[in-house]
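Please put together the full structure from these sequences, using the hints given.
Residues per chain are reported as follows:
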Amino acid sequence: MVLTGRVLSTSRRLLLGTALSATALAGCGLLDRTPAPDPLPDPLQPLLDEALALAAAYDRVILADAALAARLTPLADDHRAHATELARVIGTTAPSAAPPASAPAGAADTTATLRKAEQAAQKTAMAACKAAPRERAGLAGSIAACRATHAEALR
Amino acid sequence: MTEQLAAALAAEEAAIYAYGVIGVRLSDADEVSRARACELEHRRRRDELVDRLDELRASTAPAPPAYRLPFEVADREDALKLAVHVEDGVAQAWRALLPVTDGDERADPLSYLTDSAVRATRWRRIAEVTPLTMAFPGRPG
Chain A
1 MVLTGRVLST SRRLLLGTAL SATALAGCGL LDRTPAPDPL PDPLQPLLDE ALALAAAYDR
61 VILADAALAA RLTPLADDHR AHATELARVI GTTAPSAAPP ASAPAGAADT TATLRKAEQA
121 AQKTAMAACK AAPRERAGLA GSIAACRATH AEALR
Chain B
1 MTEQLAAALA AEEAAIYAYG VIGVRLSDAD EVSRARACEL EHRRRRDELV DRLDELRAST
61 APAPPAYRLP FEVADREDAL KLAVHVEDGV AQAWRALLPV TDGDERADPL SYLTDSAVRA
121 TRWRRIAEVT PLTMAFPGRP G
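Same order as they appear, the protein sequences are chains A and B.
Residues 1 to 155 in the numbering used here are what the first sequence lists, from first letter to last.
Residues 1 to 141 in the numbering used here are what the second sequence lists, from first letter to last.
Worth flagging that the hints you see were computed from the coordinates, not collected in a lab.
Keep in mind that this is a model prediction, so the values were computed, not measured.
We put the CB at the ideal spot given by N, CA and C, even for glycine.
Take the hints with a grain of salt, since some may be wrong.
[As the list claims (entries may be wrong)] Simulated restraints, written as ranges between beta carbons of each label pair: (1) A:Q45 / B:T130: 37 to 45 angstroms; (2) B:E48 / A:A112: 30 to 38 angstroms; (3) A:K123 / B:D28: 28 to 36 angstroms; (4) A:A67 / B:P70: 34 to 42 angstroms; (5) A:T92 / B:R68: 27 to 35 angstroms; (6) A:D38 / B:S33: 52 to 60 angstroms.
[Said to hold, decoys possible] Selected chain A positions facing chain B (in silico; Cβ < 7 angstroms): (7) A53; (8) A56; (9) R60; (10) R134; (11) A137; (12) T149.
Take a look at the structure:
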């Protein structure tokens, strides 16, 4: 009697378990697929946004003072090269225009504000380099180093 | 990683040698002291690498007694060009450590890559070479 009772209760537990997991599966959306939420942005996306914003900031300074063009154009070009490479690695296309600028609109950019922006952007790239998987570490590291050389070139 | 550390050691040793040659061709006091400061930094990194490789019990090839310079260094202009060349090369060696390390292990290689790239930019400015920067410092090729 005791033995039969145990067997019965075991099979009941099994049945209950099966029923529960079927409910759980339905609840998970395996049986009723709902649209997937937007994937998280790529960890390198902030670097890409910054590269485009910096290139645009250089363009504004050059537009305001053409005498700075020779000095600043190569630096803006470096940022565009970064944007192209980052977009390739992320698997997106770099927009030709900067996204809504992180810099306050209307504030006049100068070589001094560019220098500050480069220093901040270097820190972002350093953090991205340390957090990146191995195959991306070199790219993020070179971008961090390049941003540091820009801050130096703007001295 | 040992292989990349050994390559960084070879690059730092070559830099130390090169700055000796560079110093001879410079006369401006500011330029001489900059070259001296660079040499000391490369010596410090060399010592650090020797210790690190020792910890890893890795044997490395001894530094060659002399180096063949990439071009003749006869005057100040050549010396400044060599300084740029050396820092670019050292930056490449340190960048190679990034894909073989993780997280905080990358702090020193990244800092040395950045430091050499910035030194190369300073030397270009002194040499009046443009552009002062490159888009991907340390990237081979």
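Against the structure, the hints:
1. A:Q45 / B:T130: 37 to 45 angstroms: At roughly 32 angstroms between Cβ atoms, T130 (chain B) and Q45 (chain A) fall outside 37 to 45 angstroms, so the hint is violated.
2. B:E48 / A:A112: 30 to 38 angstroms: holds, 35 angstroms
3. A:K123 / B:D28: 28 to 36 angstroms: holds, 34 angstroms
4. A:A67 / B:P70: 34 to 42 angstroms: holds, 36 angstroms
5. A:T92 / B:R68: 27 to 35 angstroms: With Cβ atoms ~45 angstroms apart, the hint is violated.
6. A:D38 / B:S33: 52 to 60 angstroms: For D38 (chain A) and S33 (chain B) the Cβ distance comes to about 55 angstroms; the hint holds.
7. A53: violated, 17 angstroms
8. A56: violated, 17 angstroms
9. R60: Hint violated; R60 (chain A) Cβ to chain B Cβ min 20 angstroms, cut 7 angstroms.
10. R134: holds, 5 angstroms
11. A137: holds, 4 angstroms
12. T149: With Cβ-Cβ at 4 angstroms, under 7 angstroms, it holds.
Hints 1, 5, 7, 8, 9 from the list above are not met by this structure, while the remaining hints are.
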